[in-house]
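S.K.: Sequence:
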Amino acid sequence: MQQKIFLSATWQYLAMMNYEVDPAILQPYLPPYTVLDVFEGKVLVSVVGFLFNNTKVMGVKWPWHVNFEEVNLRYYVKYFDGKQWKRGAAFISEIVPSCIISTTANLLYNEHYSTANMFHSIQEVNNELLVQYNWKTRNKQWNSMEIQASTALQDIVAGSEAEFILEHYFGYNGLNKNTTIEYAVEHPRWQVYPVSKFLLTCDVQQLYGDAFVPFLKDAEPHSVFLAKGSDIIVRKPVKIKM
Numbered sequence: 001m002q003q004k005i006f007l008s009a010t011w012q013y014l015a016m017m018n019y020e021v022d023p024a025i026l027q028p029y030l031p032p033y034t035v036l037d038v039f040e041g042k043v044l045v046s047v048v049g050f051l052f053n054n055t056k057v058m059g060v061k062w063p064w065h066v067n068f069e070e071v072n073l074r075y076y077v078k079y080f081d082g083k084q085w086k087r088g089a090a091f092i093s094e095i096v097p098s099c100i101i102s103t104t105a106n107l108l109y110n111e112h113y114s115t116a117n118m119f120h121s122i123q124e125v126n127n128e129l130l131v132q133y134n135w136k137t138r139n140k141q142w143n144s145m146e147i148q149a150s151t152a153l154q155d156i157v158a159g160s161e162a163e164f165i166l167e168h169y170f171g172y173n174g175l176n177k178n179t180t181i182e183y184a185v186e187h188p189r190w191q192v193y194p195v196s197k198f199l200l201t202c203d204v205q206q207l208y209g210d211a212f213v214p215f216l217k218d219a220e221p222h223s224v225f226l227a228k229g230s231d232i233i234v235r236k237p238v239k240i241k242m
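Residue numbers for the sequence shown follow the working numbering, beginning at 1 and rising by one.
Honestly, the hints are just simulated from the structure, not real lab data.
Keep in mind it's a predicted model, so treat the numbers as computed, not measured.
Please note that a few of the clues may not be correct.
Taking lysine-lysine and the BS3-like style, the derived pairs with C-alpha atoms no more than 27 Å apart in a straight line are [claimed, not checked]:
#	residue 1	residue 2
1	K78	K241
2	K177	K239
3	K177	K197
4	K86	K4
5	K239	K86
6	K42	K136
7	K136	K197
8	K83	K140
9	K78	K42
10	K83	K197
11	K78	K197
12	K140	K42
13	K86	K61
14	K177	K86
15	K83	K239
16	K177	K236
17	K241	K177
18	K61	K236
19	K228	K136
20	K86	K228
21	K42	K236
22	K236	K56
23	K236	K4
24	K217	K140
25	K56	K136
26	K217	K56
27	K78	K236
28	K42	K4
29	K83	K241
30	K177	K78
31	K4	K241
32	K241	K86
33	K4	K78
34	K56	K239
35	K56	K4
36	K228	K61
37	K42	K217
38	K86	K236
39	K217	K4
40	K177	K83
Use the sequences and the hints to build the structure in full.
M.R.: Structure, rendered in structure tokens:
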């Protein structure tokens, strides 16, 4: 039975910097009953920045919590439900500027949200997009991800890395060693802006831990994408137990 809608919003300007990692560093985070999803034999994680706009929870706009930024670190998993493989994302870290948002998501979905000061900038100059997300870590250091791209939208090519990264319609979080939370995310197929320049400046150790430093700190990403986004819905979670 399809779950009821928990959240609706418009996700915009999804900046995704994708890095190949050793699968061993993700094993401690892997939700029960899921396995790592790979692209051409490579295990990837993504630093993602995007805008939540026109956000409604259970159909209601919360004052001062309608439009905001999110930056997360995610990886890719799949789960076999007995009939089909479901491809989804799981998260190491999710940062938003409101403690109400982070607390609610952590309680209902067992997410990995934290709260930080954040701001963003979206500029369009001479048919170029300049997208920047900024957030502050506990040591008061400002972090940023920046992307420059053409405004000429392109469709995602079937079988491409962009399709692998962008087309996931489930989220998975481990609740305990025997239970996983699954929730559906629904949106149309996205388009992407061709990326020409990018820069990630962040304290990897402070944000994500020592295990990720060799793969993210001063590393060249395997790929970088900027998706236009769309209206989305997130459905209420279900628990998977065996």
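S.K.: Each of the hints needs a verdict: does it hold here or not?
M.R.: These are the hints, each one checked on the structure:
no.	hint	in the structure
1	K78 with K241	16 Å, holds
2	K177 with K239	12 Å, holds
3	K177 with K197	42 Å, violated
4	K86 with K4	19 Å, holds
5	K239 with K86	15 Å, holds
6	K42 with K136	31 Å, violated
7	K136 with K197	23 Å, holds
8	K83 with K140	48 Å, violated
9	K78 with K42	14 Å, holds
10	K83 with K197	42 Å, violated
11	K78 with K197	31 Å, violated
12	K140 with K42	34 Å, violated
13	K86 with K61	31 Å, violated
14	K177 with K86	20 Å, holds
15	K83 with K239	17 Å, holds
16	K177 with K236	21 Å, holds
17	K241 with K177	10 Å, holds
18	K61 with K236	17 Å, holds
19	K228 with K136	25 Å, holds
20	K86 with K228	24 Å, holds
21	K42 with K236	31 Å, violated
22	K236 with K56	13 Å, holds
23	K236 with K4	6 Å, holds
24	K217 with K140	18 Å, holds
25	K56 with K136	26 Å, holds
26	K217 with K56	36 Å, violated
27	K78 with K236	19 Å, holds
28	K42 with K4	35 Å, violated
29	K83 with K241	16 Å, holds
30	K177 with K78	17 Å, holds
31	K4 with K241	20 Å, holds
32	K241 with K86	16 Å, holds
33	K4 with K78	22 Å, holds
34	K56 with K239	23 Å, holds
35	K56 with K4	14 Å, holds
36	K228 with K61	23 Å, holds
37	K42 with K217	19 Å, holds
38	K86 with K236	17 Å, holds
39	K217 with K4	40 Å, violated
40	K177 with K83	23 Å, holds
Hint violations for this structure: numbers 3, 6, 8, 10, 11, 12, 13, 21, 26, 28 and 39, all remaining hints satisfied.
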